[in-house]
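Engineer: Residue-level listing of the chains:
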Amino acid sequence: MKPASIQLDELYVQRDKHAKELRDSGKKVIGYFCCFVPDEIITAFDMVPYRIQGSQNKAIDQADAYIEPMACPFVRSCFNKALKGEYDFLDGFVAPHSCDTVERMYNIWCQNKPAPFNHLINVPHMMGPSSEKFYRQELDYFVKSLENWTGHNLDTGKLRDAVRLYNERRAVLRALYDLRKSDPPLVLGTEITTVLVAGMGIPAAKHIELVKQFIDEVKGRPLPQTQKLPRIFIWGNELDDIAFIKLVEECGAWVVMDDLCTGTRFFWEDVPETADPLDGIATRYLYTHCPRSNVPQTKTRAGDLENRYSYINDFIKEWVVNGAIFYIVRYCDTCELEGPDLREYLNGMGLPVLMIEDDYSTSTIGQLRTRVQAFLEMIG
Amino acid sequence: MEQKEQTKTTAVKGTDMARKVRGLVKNIYRSAHEAKAQGKKVAYMMVSSQYDEIIRAMDVVPIPTENYAGLCAAKREMDRFLLKAEADGYSQVLCSYARIGLGFDSLRKELGGIPEGAPDGGMPTPDMMLGSSAVCDPRYKWFQAAGRYLDVPTYSIDVVWPPVDADLKAVRDHYIQYQKEQFQGLISFMEQQTGKKLNKERLWETIRLSDEAWRLWYEIDRMRVAIPSPMPAQDHFSVMVAGYYYPGMQEAVDFYQSLYDEVKYKVENKIGVIPDEKYRILYGGGLPPWHTLWIFNYFESFGAVFAIERQYRAYDPVEVPSSVKDPVEFLAWRSFLRATQFYEKARANSGNPTVERLLGMIDRYAIDGVVFHACRSCRATTIGQVHYKNILGRYTDIPMMQLVSDMVDLRDYSEAQWKAQIGAFIETLAGRSAR
Amino acid sequence: MPFAGIDIGSTMTKAIIVDHEERILASVIGPTGAEHRHLALKVIDEALQKASLAMEGLDFIVATGYGRISVPFADKQITEITCHARGIRALLPTVRIIIDIGGQDSKGIKLDNEGKVANFVMNDKCAAGTGRFLEVIAETLGLKLDRLGKISLTAEAYVQISNTCTVFAEHEVTSRLAEGASIPEIVAGLHEAIAGRVINMVRHLGMEKDVVVTGGGAMNIGLVRAIENKVGFPVLIPPEPLLTGALGAALAGHDFVRRGVTPDHGRRRERVTFFQ
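Protein chains in written order, with the working numbering: chain A, 1 to 380; chain B, 381 to 815; chain C, 816 to 1091.
Quick caveat, the hints were computed from the structure, so don't treat them as lab data.
Note that CB positions come from ideal geometry on N, CA and C, so glycine has one too.
Some hints here could point you the wrong way.
Quick look at which bits of chain A chain B covers, simulated, 3 or more residues with Cβ under 8 angstroms [as the list claims (entries may be wrong)]:
hint	segment
1	30 to 42
2	131 to 145
3	334 to 343
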């Protein structure tokens, strides 16, 4: 058996390999966008949830004939892959209404590269009891669509099992993140991203097993060099390639914590085990910390910022962070409106912030080196 | 060193009523300032959020921040606000309406008052901000971000529309229920802020006025099928002020009644926008280039008139079931029906409701060509244009063109490039009519 | 105890050698250019020759600038942000804001009371607001880059150049010319546009006296005037605006030695390979 680290590396590089194998063995694979489509529901139908990813290292060469270049380049990259047939293995395509671009993309995708099953889940932008209820009803409708398509009714027992399974995966991933708390951290930021992205296209049980083994391997290996380096928190949107984090670490820093769509945002919080499992799922997913969701205003500005970002404050304290880097994939209106608020909050805590806006492309990442390095020199 | 005088950038209008819109726009900000002086509540808001009648019924004076951005651009007074927002850390690709609004708020805070020379006296400091998720994401995020400059109570609501492939029977109830609850949340918030209860009779009255205005407006547009065109798209982008910024007000009804009479007269007497109408163009979508509206006249110089447009024409009148007896529920129903009115048609044909609307217009208005305007910083009205073009191409062979700039940010506009593109487009139209 | 700093920018390579009292022993400016890959070594050799030193005699070599990444003979590489700050701290200690306008990027650096970097901003991989923008337009107008400053001073008004994109701006310039604008008015408009972009970016740091302008942009009097106009007060210009980064690099080398920092790796007398 290969070491888990090698297997995870391979899964990171060949992201669709395992999903295709499962499909060949008769399983259905359901592709979805973002952090608002519950893996649990897809798993309860005995299907494989597959988080759709782009290719930061490949040019977007076909999508422009279908979608404007001022749309989110991550989404364009995903669609570019679909146009090239790289997502033909998907039996289903599910988009949440996470933002303007993804919502528009749903129709463009379905009209040009429809999967056998297509569905859009409308996710409220607001939070609160009526939003919870609506999102729960949207999940009911999603379940109904899956039932119609598969010809099977949802088995509540299986959904309960799936909730437990994914909570276990969340716990294992949090345990992995615990290894980043020491100084120096036991795991590199690049390794974390590799492990997370590798898990986006495989069943949770398999991922859990690999992450557990990986944790054992990490604990057994010699400590990294003990040079004192700045400890960085990364905030942003889709970062499903290690290139940028690698650049930051090469410039002389430890990336120790994140709030990214491809990081804590998708797995951190557990799904509460409720009598009707869909209730717990609805609550958990609705309150995902994404800038596209509007946290209701509380009190004054200062109180409002505290209410919106206290979880980040906890991250920063527990993982002993010295600086924050925002990596925003361009054309994300909600991140671009959120960034300055979060910076104000973090600066208020005395934490320096470097805000970077970039195209979703590894070819331009080198140009960011000066900025990152100067930031590290400044805080170091 | 002084900047050299600039050339005129606004468009020459086709109708007398369109020329009167300037007064309606000025009045938006004047009445907000007056209300503020009288101690009445004023609110930043986003038009077309389906809550407009509630705001009027609550006697809160609306300040439409997006309109203010468009106004600044039309007056070419936007740069200092855009630059201020960018200096404050907002991206140059962020919605330029939001950048102007945030830049304005930032400058007002910094200067301790309205920036000198701000168009139409500027926007007064609001007592509250009311965002919504209707149309696009920045419409609730913007006000959240504005909290940086304005520590005022802020409340946003969801406005939800199902996807075109949804089983409407299966989803209708929960969509309407949620919409109603969102409105109720807003009403409670506004009652708290104003210390006044919503008068439901008053709400029915504002709904009636607003529906009457939209009905008249709809009739006007139906008359625009006439050849020669009695009213061009640039007029539409003016007269929409009554429908979008005065819903629930008698002013809107009166305005459209007068416009109705004027357009009817023009149709009956065959008075066209231009003397020699050669081509009829459909403005296929995208926010108008507020910075350079004279571009419509540039088309006209080649005999091309914009006969009809999709932008700022979100929905036709809808029939809410008479069993609905509560005005808030009525608004929820109306919102749902407006959003889904072309779904059935779309599913039977192109699969896309926007394409259905465009196809309908191409047919009814005898359209020779379609022009879209892609705005670099507006995802909501831009993404999909290429897609609509692709699908339209399966049903029609008329020429289509996408011009690219921004709704207000002049830095994304190249006059030379546009003129070249427009020239080629007109040549294509000429080539087709010669056949 | 001599220290060298080499600043490899996108268009120019600059080298400085200082002694332990931080007196300048030699300084050289040469072109970088794609066809001059080997020049970095040549520039440092020339500086060594001027200072009558051998490379082995240098106590520390710091490389900075766009091409710093793979300078085989450097002991450490530091960004030009940190180096400009270090150089200006030595030259003009009252400065709190540095505006550097280079060939392919422009940046703003805020210094704290000790002259250390407190914050910085850089333009976003786009030629607007850089020397390259001026160069392209100068070509369109058939003018030499170094004449632009003086030409613009003869203008009584400027025409607005709105486009951020260099290609669009070229179109814009052509149509303004066709509309009858004079060349000085257009050049003044270009300076106005660049100054506007750069100052707006730097405003993010909070404008504070004194302000210094460095890099190639500092040698364009028209651009400097436009900047002063926006800032609202006179700015400082160092005697050798191109050399502050290299000076800072040399001084940073001295700082390293004082702190007992050892070189990252062995020096190799090889060509700089960053362009390949």
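Engineer: So, for every hint listed, does it hold in this structure?
Structural biologist: Here's how the hints hold up against the structure:
no., hint, in the structure
1, 30 to 42, "violated (count 0)"
2, 131 to 145, "holds (count 7)"
3, 334 to 343, "holds (count 8)"
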